[in-house]
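Peer 1: One line per chain: the protein sequences are L and V, in this order.
The numbering used here puts the first residue of the first sequence at 80, with every later residue one more than the last.
The numbering used here puts the first residue of the second sequence at 13, with every later residue one more than the last.
No lab work stands behind these hints, which were simulated from the structure alone.
Among these hints, one or two may not hold up.
Here are the computed lysine-lysine pairs in the DSS-like style, where the Cα-Cα straight-line distance is at most 25 Å [claimed, not checked]: (1) Lys-106(L) x Lys-319(L); (2) Lys-142(L) x Lys-82(L); (3) Lys-43(V) x Lys-55(V); (4) Lys-194(L) x Lys-153(L); (5) Lys-142(L) x Lys-51(V); (6) Lys-153(L) x Lys-51(V); (7) Lys-56(V) x Lys-98(L); (8) Lys-28(V) x Lys-55(V); (9) Lys-42(V) x Lys-56(V); (10) Lys-106(L) x Lys-43(V); (11) Lys-42(V) x Lys-142(L); (12) Lys-42(V) x Lys-28(V); (13) Lys-142(L) x Lys-295(L); (14) Lys-98(L) x Lys-183(L); (15) Lys-194(L) x Lys-42(V); (16) Lys-153(L) x Lys-183(L); (17) Lys-183(L) x Lys-106(L); (18) Lys-63(V) x Lys-42(V); (19) Lys-63(V) x Lys-142(L); (20) Lys-28(V) x Lys-56(V); (21) Lys-56(V) x Lys-43(V); (22) Lys-51(V) x Lys-63(V); (23) Lys-42(V) x Lys-106(L); (24) Lys-63(V) x Lys-28(V).
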Amino acid sequence: MLKIGDHTFQSRLMLGTGKYPSFASQKEAVNVSGTEILTFAVRRMDIFDSNEPNLLEELDLQKYSLLPNTAGAKTAEEAVRIARLAKASELCDMIKVEVIGCDKTLLPDPFETMKASVQLLEEGFTVLTYTSDDVVLARRLEEEGVHAIMPGASPIGSGQGIVNPLNLQFIIEQANIPVIVDAGIGSPSDASCAMELGADGILLNTAVSGAEDPVKMAEAMKLAIESGRLGYEAGRIPQKTYASKSSPESGMIG
Amino acid sequence: MNILVNGRTLDFPNEKATIAELLESYQIQKKIAVVEHNKQIVKKTDYEHTKLADGDHVEIVHFVGGG
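Take these sequences, add in the hints, and give me the full structure.
Peer 2: Next comes the structure, spelled out in structure tokens:
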């Protein structure tokens with residue numbers, strides 16, 4: 080069970096809702112993924128064409144928790160404004176703090192990210208902060224009281240998987256709050272690997288929405304995350320340099 | 013009067029217009045949306061008595077797909 084602030088979840092997969100090839104595949108992918116947390120962005124409504132389908136309006140909001148993000152913000156002030164707008168919907172109290180500091184890599188600005196997180200904690204949000212894989216920053220965010228830290232595995236949408244598993248391991252080992260690996264996951268094995276390292280959950284979007292078959296990939300990710308978690312809980316064997324027989328040496332046929 | 017809605021200047025005829033009337037005129041009153049009036053978030057219960065004035069800035073936002 081995953082516990083974030085006052086919320087508890089059975090699924091450890093958080094699914095982004097951006098860039099699906101069709102509305103139908105998006106709905107089906109959400110369904111088969113088994114996710115209970117869906118991320119959204121906050122944007123201006125096109126009031127001249129308000130009839131475009133909106134996933135949120137077709138969702139059973141008893142079944143899903145919304146995790147709006149502050150994507151688009153480059154300063155703490157902008158992030159706080161977006162977060163307040165999201166909360167005013169009265170549909171959620173969780174916020175994914177995302178303050179981008181570099182357009183090319185989409186890596187977060189650590190100073191503005193910290194500032195926004197602290198402000199939103201003061202305002203009573205359940206704060207999940209998207210960070211780089213910086214170990215000290217993750218610890219400092221935890222000390223400020225964020226409810227979960229979300230280190231990126233690699234740049235957003237890059238599909239490169241976990242480029243620095245050691246940093247991720249350090250972050251997971253020191254954390255007393257959930258660590259959700261967010262961004263950069265490309266394949267089910269990436270997700271499974273993060274879970275085997277001891278991550279509490281995975282947030283992904285493009286890995287599913289950009290797959291040739293998003294619905295099938297959603298199921299693959301669900302299974303990979305479950306499998307990685309089970310593997311972590313089971314405790315893997317230590318790695319050895321040389322072989323060690325698994326069949327008995329006695330009773331050989333003469 | 014002119015009001016700036018989501019970055020676009022609209023000529024809104026009714027001098028006594030409210031946020032509620034603005035939403036109704038674009039048939040978005042039932043949509044899941046949040047309204048900011050001159051940088052202040054307007055509660056849904058205040059839509060009917062928040063009056064618009066010439067030069068006001070209004071943002072109407074909603075949730076869209078994102079990661």
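Peer 1: Does Lys-106(L) lie within 25 Å of Lys-183(L) when you go C-alpha to C-alpha?
Peer 2: violated, 30 Å
Peer 1: CA of Lys-194(L) to CA of Lys-42(V), is that 25 Å or under?
Peer 2: violated, 35 Å
Peer 1: Verify the proposed pairing of Lys-194(L) with Lys-153(L), using a straight-line Cα cut of 25 Å.
Peer 2: holds, 12 Å
Peer 1: Verify the proposed pairing of Lys-28(V) with Lys-56(V), using a straight-line Cα cut of 25 Å.
Peer 2: holds, 18 Å
Peer 1: For the pair supplied as a hint, Lys-63(V) and Lys-142(L), confirm whether the alpha-carbon distance does not exceed 25 Å.
Peer 2: violated, 37 Å
Peer 1: Quickly compare the C-alpha distance for Lys-106(L) and Lys-43(V) to 25 Å and report which way the hint goes.
Peer 2: Since the Cα atoms of Lys-106(L) and Lys-43(V) sit roughly 19 Å apart, the hinted pair holds (cutoff 25 Å).
Peer 1: Taking 25 Å as the top limit, are the C-alpha atoms of Lys-51(V) and Lys-63(V) close enough?
Peer 2: holds, 14 Å
Peer 1: Compare the distance between the alpha carbons of Lys-43(V) and Lys-55(V) with 25 Å, and conclude whether the hinted pair is satisfied.
Peer 2: holds, 14 Å
Peer 1: Check whether the Cα positions of Lys-142(L) and Lys-51(V) lie no farther apart than 25 Å.
Peer 2: violated, 32 Å
Peer 1: Could you grab the alpha-carbon distance between Lys-98(L) and Lys-183(L) and see if it respects the 25 Å cut-off?
Peer 2: Since the Cα atoms of Lys-98(L) and Lys-183(L) sit roughly 19 Å apart, the hinted pair holds (cutoff 25 Å).
Peer 1: Between Lys-42(V) and Lys-142(L), is the straight-line Cα distance small enough, at 25 Å or below?
Peer 2: With Cα atoms ~21 Å apart, Lys-42(V) and Lys-142(L) stay inside 25 Å; holds.
Peer 1: Starting from Lys-56(V), check that the Cα of Lys-43(V) is at most 25 Å away, please.
Peer 2: holds, 12 Å
When the structure is compared with the earlier hints, violations turn up for hints 1, 5, 7, 15, 17, 19 and for no others.
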